[in-house]
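Residues per chain, in single letters:
2 protein chains.
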Amino acid sequence: MALPRLKIFGWGREGEGLTPAEEAFALDIHRARFGVSDLPAIPTPTLADIRLRAPRIAPPASLARICTTDVYERAQHAHSKGFTDSVRVLANDFSNAPDIIAYPETEPDIAAVMDWAGSAGAALIPFGGGSSVCGGVTPPRDAKAVVTLDLAKLDKVLEIDRSSRAARIQAGVFGPHLEHQLRPHGLTMRHYPQSFECSTLGGWIATRSGGHYATLYTHIDDFVESLRIVTPAGTLETRRLPGSGAGPSPDRMFIGSEGILGVITEAWMRLQDRPTFRAGGAVRFTDFFTAARALRVMSQAGLYPSNCRILDPQEAYNTGAADGSVAIMVLAFESADHPLDAWMARALEICGDFGGKPEAPGGGDAHREGAAEQWRNAFIRMPFARELMTPRAILSDTFETAITWDRFETFHDSVKSATDNAILQATGRPGQVTCRFTHVYPDGPAPYFSFHGLGRHGALLEQWDTIKKAASDAVIDGGGTITHHHAVGREHRPWYDRQRPDLFATALKAAKKALDPHGVMNPGVLIDP
Amino acid sequence: MALPRLKIFGWGREGEGLTPAEEAFALDIHRARFGVSDLPAIPTPTLADIRLRAPRIAPPASLARICTTDVYERAQHAHSKGFTDSVRVLANDFSNAPDIIAYPETEPDIAAVMDWAGSAGAALIPFGGGSSVCGGVTPPRDAKAVVTLDLAKLDKVLEIDRSSRAARIQAGVFGPHLEHQLRPHGLTMRHYPQSFECSTLGGWIATRSGGHYATLYTHIDDFVESLRIVTPAGTLETRRLPGSGAGPSPDRMFIGSEGILGVITEAWMRLQDRPTFRAGGAVRFTDFFTAARALRVMSQAGLYPSNCRILDPQEAYNTGAADGSVAIMVLAFESADHPLDAWMARALEICGDFGGKPEAPGGGDAHREGAAEQWRNAFIRMPFARELMTPRAILSDTFETAITWDRFETFHDSVKSATDNAILQATGRPGQVTCRFTHVYPDGPAPYFSFHGLGRHGALLEQWDTIKKAASDAVIDGGGTITHHHAVGREHRPWYDRQRPDLFATALKAAKKALDPHGVMNPGVLIDP
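If you read the sequences in order, they're chains A and B. Adding 107 to a residue's 1-based position in the first sequence gives its number in my numbering. Adding 107 to a residue's 1-based position in the second sequence gives its number in my numbering.
Okay, chain A solo, but in the shape it has when bound (with noise of 0.2 Å):
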């Protein structure tokens, strides 16, 4: 699978981007949203234009061989995929761009790496794909040196037990081509973030990934049998299981560490059949709340959709999915066991209870028509907007939590409210807030926010800035997650210090400190060095 490389300003690989008409769609949007004719666009700079200062430091001659300084491979490595990775990017702000990019072949590699970068007093940034969108893989300013190490060449699956439905499979993996390699087993992770064709397997574990199921196992963290660890203390594998009560979970203290503890090199993942039965379609409502009261039900019906997401009536308006009027529920049920009527007839009844409307109402499964397929496209689509937005000034970002259901209206209208004032306040003119849910469980639903507001060149870092404290203030306020699945990073750390227990930090850390004595990993992500 050889295939174009990750741009370094955007989304994905070059050569791909929004179509013409995608394009126009979307400005289209913006101009009626900020009552603006034009949407002028500043330059991106090239390849060429990039200045990187020298390599801080050199490998030792042994890890030569794995190692490189191209400057197109540190500036790709300088940023994660976020809104201030753009503005960062647009400026030619390489100032914190890794000396040393690392590919490992082996965990022995790995190891090595890890052991010069101690001694070497250099930070150490595992990465995977770079599609953080909360500077999970931005290499910290203060460091003396910088060593990111890229896992791209871990990247096979080496085992399939076809029985217990499962595979160990190389952390580095991306998404497409880890189910490339599944298919011919029958078999799917069914794991698809909207990173999908940008992230990888050990990227997905280290952050606590959401993925393709809006019930039940939503994180990855749910599908990880075992896993195998290099930390600076040593290499570490836990006990291929589908159940246990022994002791706490070793697999839960590394899920969703981030990179601080050491780098996950492989899984053993639960996988699933290709499913061959569907159902679904989109359901219209008269607005958000009953939409989501109506999910609420549903969520604690025990019938288990693989989708279940709704928009507010803006949001499935931006997407094309609606005509601004109405919310949306995207409904589907999917199996390679059975027929689904029961499941979604009984949907469907729960739906007709709180006034929903399908949109085919008899017209059968409907999973990839209408609303729900012109949703679906977005959805895929939409990361690659930015490269589009914020040439032209445009402050372009989401941010997800998670709140129990007795909270859910209130807390929705404080973000909103705090969110949509902090544009204002921004920006000087009115923005817009919209929202979905990605995910629900039974005890309450993953609010996803959008926001846009119209800024300056110059002041971008700024105006976001006002805009990303005043919605986390509220979330964590309101009692939410700082994040339901993209992650920490750099950019959350505030928010999710006050969330985490103070004891709890105390506890990591020493783990940490156990397990990497010298600070090596990913120094600043989660807590204090």
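Rather than coming from a laboratory, the hints here were simulated on the basis of the structure. Predicted, not measured: the structure shown is a model, and the values here were computed from it. Just so it is clear, CB atoms sit at the ideal spot from N, CA and C, and this is done for glycine as well. Hints should not be assumed to be uniformly reliable.
Each pair of labels, with its calculated beta carbon distance range [as the list claims (entries may be wrong)]: (1) B:Asp580 - A:Arg385: 44 to 50 Å; (2) B:Ala168 - A:Val404: 52 to 58 Å; (3) A:Pro291 - B:Leu568: 40 to 46 Å; (4) A:Pro291 - B:Asp580: 35 to 41 Å; (5) A:Arg290 - B:Leu568: 29 to 35 Å.
Fit chain B to the known structure of chain A by using the hints.
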């Protein structure tokens, strides 16, 4: 709910036990099994027979109010409820009885007891219902002094969130009292470990208890929404969230920590609506492995029966569920939302593909009839049998594990044969080893083994050691877990040490040292002081 007090010898509360008919049934089976005409019992010590050493420490005046040195209390807290405990009680061995029993009424009480235990150099043993079958609440023999902290007074449901189906519950509440408090709200936890009547919420969480549901969310772990924990370093509370991706889960560090990090005082727990729809019954299979293969398909079908346990022919016979010629699957679906016909029909189709025959074909809802009900009764009554067995020198115990499907059949045979051989070696005559599944996952089952051998008074502990060691070695050598839901306690330590990665122990030890610097909490459990 004023209940009789817990027994010192045997299961449950004073006045409870097997009926004469149940005793006769069990003894008939054992006489036939061992080919003996009589099974004479030695007498059980009474409270008046028990002599305890003088307490080695005394509480400060400020704590005298919540502390006791009463002989019943100290004797009742001297042992767990495993086989070895029953032998020691029978031998009137209370040499390791705790010095003081504290009954805290508040979190500050707990913190004060911790401080005092720390300054007195005493070990502090958190105690819920004391139903551990692996020495989880047994005081260490090498401690300078021992204080047992009994949470019985923290037994309230403090808050209900009906819309999120969750409640804030104190950790010391026993199963029946918990359900009693939830019932007026139409809610239930539906967590019914075999110990349900004699165990507490805090104990379930601290030991990663397995419960009612045979599929999907089987462990208590998944029902924990947030925790409050008092540690020697202070009190912490995790945020109440339906889901989160913010760093490693703080809850998961304490779930399964078996009292070594602190004392769980409260939890927000995810609850269920009381089921109103049911479908189920028993299905007969020619043999255990065929039933297991059917169950593998069922576990991967996405049907999620609340019960789908299988019993091997001998286990089915022992519980009166069948005549010994067939394996039994106990199958049940339940819902508070929808009829279950489609679910049950597909499940029976899967069973049919493997020759499984419903006990009452066309008989409608058979979940409380025939073999299924027979097994259910036997399951609940089983723990009472030990007080019949041990005085008769019958080595009777269980152990449980989990293993992926690809290894299950080989694993089953090697564990069974190692245990069979060890019984013969230890007792000089054949015994019996039977197996059932208590829980199943898409990637493998949780097999639960029971064994019986005819031992000899005076040699019971040594005979049990031989059998336990052979069985546990086979479990670990075969790739299983030393416990799927019973816990590690003191008895599983040697095999837990072989199972968990060394570097995880290193990290856990560092975390413990940070939260419990003086090593007060349950020393010797999970990790060395």
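Taking the hints in turn, this is what the structure says about them:
no.	hint	result
1	B:Asp580 - A:Arg385: 44 to 50 Å	48 Å, holds
2	B:Ala168 - A:Val404: 52 to 58 Å	56 Å, holds
3	A:Pro291 - B:Leu568: 40 to 46 Å	55 Å, violated
4	A:Pro291 - B:Asp580: 35 to 41 Å	38 Å, holds
5	A:Arg290 - B:Leu568: 29 to 35 Å	56 Å, violated
Violation of the numbered hints given earlier is confined to hints 3, 5; the remaining hints are satisfied by the structure.
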